[in-house]
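Trainee: Residue-level listing of the chains:
Protein chains: 2
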Amino acid sequence: MPLPEKSLIAQIRRVAARHVFAPAQRREARHSRTTKNGDVVTGIGDDCAVLRLPSGHDLLTTTDFSLEGVHFRRAWHPPDSVGHRCLARGLSDIAAMGGEPIAAFLSLALPPKLPQSWVNGFMKGLLRLAGEFVVPLAGGDTAQSPSGVLADIVVLGSVPKGKAVSRSGARPGDRIYVTGDLGGSAAALDLLSLKRKKLAPKQFPKHFFPEPKIQQGQFLRSKNIASSMIDISDGLSTDLNHICEESGVGAELWAETIPRGTLGTTRKPVDLNFALHGGEDYELLFTARPQHCVPSSISGTSVTCIGEITRRKQVFVLKSGVRSRLKPHGWEHFRYQ
Amino acid sequence: MPLPEKSLIAQIRRVAARHVFAPAQRREARHSRTTKNGDVVTGIGDDCAVLRLPSGHDLLTTTDFSLEGVHFRRAWHPPDSVGHRCLARGLSDIAAMGGEPIAAFLSLALPPKLPQSWVNGFMKGLLRLAGEFVVPLAGGDTAQSPSGVLADIVVLGSVPKGKAVSRSGARPGDRIYVTGDLGGSAAALDLLSLKRKKLAPKQFPKHFFPEPKIQQGQFLRSKNIASSMIDISDGLSTDLNHICEESGVGAELWAETIPRGTLGTTRKPVDLNFALHGGEDYELLFTARPQHCVPSSISGTSVTCIGEITRRKQVFVLKSGVRSRLKPHGWEHFRYQ
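Residue numbers (numbering that gives the first Met the number 0), protein chains in the order written: chain A, 0 to 336; chain B, 0 to 336.
Just chain A, with the same shape it has in the complex (with noise of 0.2 Å):
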């Protein structure tokens, strides 16, 4: 690749030195990093990663951009939640078919005079929750950016042979359910574009740091549950869409039965809304033969029924009794410029 600007290689070393690229650790990590379900076989320091899958296992891929001023804003995200949201976007993919993460990459083009905090800070908020999901970052690329900070991860995954969850498994009479609640990211960053200030992180959790249900996505997965699923990155309304099409059906949800997110920490429900059609909540939906006994709780995260899957390829929203078409809005609404 081309080499960015001096200063730029000094920035970018000097965080490689801490966290990623350090030769020292490069060499210690080749033959010695296992993971839960893959070996780094080869990490940064070659051409090409080098992972050893699991025998029987299928291998997972997600790409994810996080680009600023489209996903998330530096005057309104600290450094540690852009990181934590770029690498929580892939994890939730893997979750969303039942796997295990193996690896993530990343790839991060800099803007010449970015603060070198910024950077260390990003770092911070994504190592921070690859180790808790004990996902090593095995490589990536690095540039200077003619705009902006933009990232884009990777991340690998595993699932049994022919066990990954897609989202076309969903049949007529099959119920809908989605795990914790929804829109309380959306809420948040309404309020954070409405308002034009910033919002304390620990204050809304659910839009600085979702957390990624993997573990979630695993259980419903090894035990046969979900016959589809899909994780809520986009919306409600939208991501069901996603569903509906892949499996060539319909859907009817039953809006008192959509588990709200609240205002940040407060106890107040967020508007209908923004739990329809709200993205990044990274929950996870999915569809279940009727005759599932579905627990109501999976690792500490609710577990709510919603919905049914219909024959008739619409989906429709039933409130106070009334029926009406449910077309996805989802992230149009909610926009960051």
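Treat each hint with caution, since some may be false.
Where chains are identical, the list cannot tell them apart; a pair therefore holds if satisfied intra-copy or between any two copies.
What the hints assert, rightly or not - Okay, derived cross-link-like pairs now, DMTMM-like style, lysine to aspartate or glutamate, Cα gap no bigger than 25 Å in a straight line:
1) 160 <-> 38
2) 267 <-> 180
3) 162 <-> 38
4) 222 <-> 131
5) 318 <-> 251
Honestly, the hints are just simulated from the structure, not real lab data.
Fit chain B to the supplied structure of chain A, relying on the hints for placement.
Mentor: Using the frame of chain A, we list chain B on its own:
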């Protein structure tokens, strides 16, 4: 992911409908796409792609940015060249490990007013090269770009277990070899930046359409010839330094033996400095034990001995009988901005 502006969505969908994300193709692709070295069980259209590796193989992973204004300029590079070069960078990393590419993933962010024809050209160049190496585009991400075209390519590959050729296997006494010739790409870039005029891509194929050396890398790995290997993306002086650093050795290059590229399709050899420091040739640089028989050509590409590995941990170049230090200059001298 937050949805980009409607106009951009429409633009990406138009490309997608033809090339990548078409729902009709998704179902077809879901259980059908088989490449030489792995199955794409689930391609685009789910939270993750699901891939099946051949048994007894390790997984290779590489990610590379292609950012407008950093790695290419729209005024200099036609879109099919940008698409080709984007994927070539990733494939070349797989080649450098002696691997076989399995699948590619493209994260692509586009500015709102980019002409549709540019996106079509980009995808055409990328998919033409993907077709040549039978590498399915199995997923990725799309977004609105805050500035210019931003691409991040991920290439996954496979290699027989434990057989990946690393940068760290060079030993004192090993001979140093290079495939093809060097400096042709950087000389073209130099012309572009000095004259600030368009070049005819067909006359400068080494710069606009470099060929990753997949077959050559596999041959060198399968015949146990290469003791260490890297692709020349940053320039000979920089990439040889990587091998020396990772192997804990030094090197001596023989200037007169370094195969120099020509200026485009002319017969004029490029200046030695382009061959020593110019990047983006995507040839392979490798070392081999002195007793090994190294062919002078592999799959139609020449192989040339250009020096030897030494115990003393510095890199020298011998030119007209004079021995001088060769510092890694690489891309710092050949910049896009």
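Trainee: Flag every earlier hint the structure violates by its number, smallest first.
Mentor: none
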